[in-house]
Every structure is written in structure tokens, then in C-alpha cells.
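*Asks:* Protein sequences, first through last, are from chains A and B.
Our numbering puts the first residue of the first sequence at 1, with every later residue one more than the last.
Our numbering puts the first residue of the second sequence at 1, with every later residue one more than the last.
Hints may be right or wrong, so weigh each one.
[Stated by the list, open to error] Residues on chain A that point at chain B, a partial pick, calculated with CB under 10 Å:
1. PHE9
2. SER15
3. LEU40
[Unchecked claim] Residues of chain A clear of chain B, computed beta-carbon distances all greater than 10 Å:
4. MET1
5. GLU13
6. GLU18
7. GLU27
8. ASP37
9. ARG39
10. ARG42
11. THR43
12. MET48
13. MET54
14. ALA55
15. ALA58
16. SER59
17. GLU108
18. THR109
19. THR115
I should point out that these hints are in silico values taken from the structure, not numbers from a laboratory.
Everything numeric in this text was worked out from a predicted model, so none of it was measured.
Beta carbons are placed, not taken as given, at the ideal position from N, Cα and C, and that holds for glycine.
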Amino acid sequence: MIDELLTKFYNGETSPAEERQLLRLLEENQSAEHQADIRLLRTLCAEMPDFQAMAAKASAPRRVNWLRRLSVAAAVAILFAAAGTFFFRPVPQPAPVAEEITIDQARETTIMALTAYNDAITRSLDKLNNL
Amino acid sequence: MIRAGRQMMIAALRVTESEADAADAVQEAMIRLWQKSADLAKAENPVAYAATAARRCALDIVRSRHAAEPIDDVRWLSDRRDPIEERDSLKLALKLIEALPSPAREVMTLRHLEGLEISEIQEKLNLSAANVRVILSRGRSALRKHFEI
Chain A
1 MIDELLTKFY NGETSPAEER QLLRLLEENQ SAEHQADIRL LRTLCAEMPD FQAMAAKASA
61 PRRVNWLRRL SVAAAVAILF AAAGTFFFRP VPQPAPVAEE ITIDQARETT IMALTAYNDA
121 ITRSLDKLNN L
Chain B
1 MIRAGRQMMI AALRVTESEA DAADAVQEAM IRLWQKSADL AKAENPVAYA ATAARRCALD
61 IVRSRHAAEP IDDVRWLSDR RDPIEERDSL KLALKLIEAL PSPAREVMTL RHLEGLEISE
121 IQEKLNLSAA NVRVILSRGR SALRKHFEI
């Protein structure tokens with residue numbers, strides 16, 4: 001069987017299926033005289049990649065990287081907030097007389113500032129999400 | 001799809017240094033072609049267009065690997081390529097087949113790399129079936145010498 005197929009192969013008469021069968025038989029046999037034939041057939045019968053799978057992967061919808069979107073949105077929001085602060089900065093007023101404030105007042109003022117900041121970022125993110 | 005895929009793979013293998021890189025180039029090219037499917041539809045020869053896309057992606061991969069060195073021509077790559085290991089069978093097949101003289105090179109490429117049947121090779125190269133078989137016979141015998149220890 002091997003000799004018959006080998007003859008056909010070197011006569012240019014084998015089909016691809018016969019070539020794969022010949023390679024399988026030679027590899028099972030593993031005789032010293034056929035090592036060159038085995039290596040040649042392995043090279044010529046080398047498998048191509050699965051192009052159907054590649055095409056399916058290429059056409060699959062892309063997953064959105066939400067974390068990346070959010071970080072970009074946050075960076076843009078910070079820029080807007082910084083720009084807003086720059087352009088809408090209050091006209092310098094004479095320095096008020098320093099007055100003492102309590103810790104509670106300071107805490108309340110800080111919370112109000114942070115809340116306003118958070119609202120600005122949220123509004124910016126909403127606008128970006130609606131783009 | 002498979003026919004086009006083979007052409008893309010061959011185009012990429014001619015540029016890259018490994019089968020893995022060639023496969024990556026083909027995958028990347030397919031993604032780009034999918035995103036620009038309108039351009040592919042307009043192409044006169046979609047298979048050749050796809051193969052060119054694969055070649056470009058392969059060049060990108062090679063450039064990124066050799067970022068510090070200039071690449072003017074694919075021939076530069078062949079001068080510095082390391083001997084191909086036999087496990088990269090497709091790459092080796094391409095190298096050996098392309099070293100054959102014409103018409104063995106053309107017939108072996110169509111048969112073993114592009115996967116065409118004898119009848120398709122006959123039509124494409126305007127040869128008789130007997131002629132194609134004789135050329136295959138000579139090509140295979142010539143390649144066998146490469147593997148003799």
C-alpha cells in the first residue's frame with residue numbers, strides 16, 4: 001500500500017486525501033528509508049489556519065471597554081471643570097476680614113463643594129454617554 | 001473564504017519570519033477588511049485586495065519587531081532571515097517551492113499552497129492534465145532532495 005501510494009505521489013497522481021493517508025502510513029511505519037518522504041509530505045501537507053474561525057472572529061461585534069470609556073469621560077469632565085473654574089472665576093474682591101469658623105462649618109462647606117463637583121462630573125458624563 | 005484565506009496566508013508568509021506572525025497578520029487583515037467591507041466590495045479583484053491587506057499587516061508586524069532597523073524592501077528580510085525550522089512547515093513549504101524553477105514553482109504553488117485541483121491548475125496555466133502531473137512529479141522529486149540526510 002505504501003509503495004503504491006509513494007509511486008503515485010512521485011508521479012503527481014495523488015489526491016490531497018491520498019497524500020494525507022500516505023503520510024499517516026509512513027509515520028506509523030517509520031522506516032529509515034522513508035524519512036525524507038515523511039519530512040517532504042509533512043511540509044507539503046502542512047495545514048493552513050482555520051480561516052472560517054478567523055472570519056467569524058473578525059466579524060464578531062466588539063465588546064465595549066466601559067472602564068476605558070469611564071476613565072476618558074472622567075478626564076474630560078475634570079478638564080471641563082478646570083476650564084469652567086478658570087473662565088468663570090470670580091472677580092477678585094478685597095480680602096474679607098478673616099473670621100473664625102467652626103469645624104462643623106468647615107465640614108459643611110467642604111461637603112457642599114464636593115457635592116457641586118460631583119454634580120458637575122455627573123452632568124458631563126451624562127452628556128458624553130449621550131454622544 | 002478558504003481560497004482567499006490561503007492567498008492571504010501566502011502573502012503574509014512571504015513577509016513574516018514565522019507562521020504564527022503570518023496567521024496574526026491574516027487575522028488582523030480580516031478585521032480591517034470587515035470594518036471596511038465597502039472598499040472590499042468595490043475592489044476589482046477582492047481576493048488580490050485581501051492578499052494585499054494581509055501583506056500590509058504582515059509588514060506592520062515585522063516593522064514592530066524590528067523597530068530600530070529600517071525596512072526598505074522585503075528582500076532585505078530574506079537576507080537576514082534565520083534558517084527556517086521544520087516545525088514551521090508552511091513557511092518551509094513556501095521557501096522551498098518558491099526556490100523551484102518555473103513551471104514547477106507555479107504548479108507546486110497552485111497545488112500545495114493554494115490547494116487547487118489538477119483540473120483547476122490545467123485551466124489556470126493552460127496545460128494538459130498529463131503535463132501538470134509531470135511537472136508535479138519533477139517538483140516533488142526535486143524537493144525530496146532537500147530532505148535527504
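*Asks:* Are the hints correct? Go through all of them and say.
*Replies:* Hints versus structure:
{"no.": "1", "hint": "PHE9", "in the structure": "7 Å, holds"}
{"no.": "2", "hint": "SER15", "in the structure": "8 Å, holds"}
{"no.": "3", "hint": "LEU40", "in the structure": "5 Å, holds"}
{"no.": "4", "hint": "MET1", "in the structure": "19 Å, holds"}
{"no.": "5", "hint": "GLU13", "in the structure": "6 Å, violated"}
{"no.": "6", "hint": "GLU18", "in the structure": "12 Å, holds"}
{"no.": "7", "hint": "GLU27", "in the structure": "14 Å, holds"}
{"no.": "8", "hint": "ASP37", "in the structure": "7 Å, violated"}
{"no.": "9", "hint": "ARG39", "in the structure": "4 Å, violated"}
{"no.": "10", "hint": "ARG42", "in the structure": "6 Å, violated"}
{"no.": "11", "hint": "THR43", "in the structure": "5 Å, violated"}
{"no.": "12", "hint": "MET48", "in the structure": "6 Å, violated"}
{"no.": "13", "hint": "MET54", "in the structure": "5 Å, violated"}
{"no.": "14", "hint": "ALA55", "in the structure": "6 Å, violated"}
{"no.": "15", "hint": "ALA58", "in the structure": "4 Å, violated"}
{"no.": "16", "hint": "SER59", "in the structure": "5 Å, violated"}
{"no.": "17", "hint": "GLU108", "in the structure": "53 Å, holds"}
{"no.": "18", "hint": "THR109", "in the structure": "52 Å, holds"}
{"no.": "19", "hint": "THR115", "in the structure": "43 Å, holds"}
Of the numbered hints given earlier, the model fails hints 5, 8, 9, 10, 11, 12, 13, 14, 15 and 16; all others are met.
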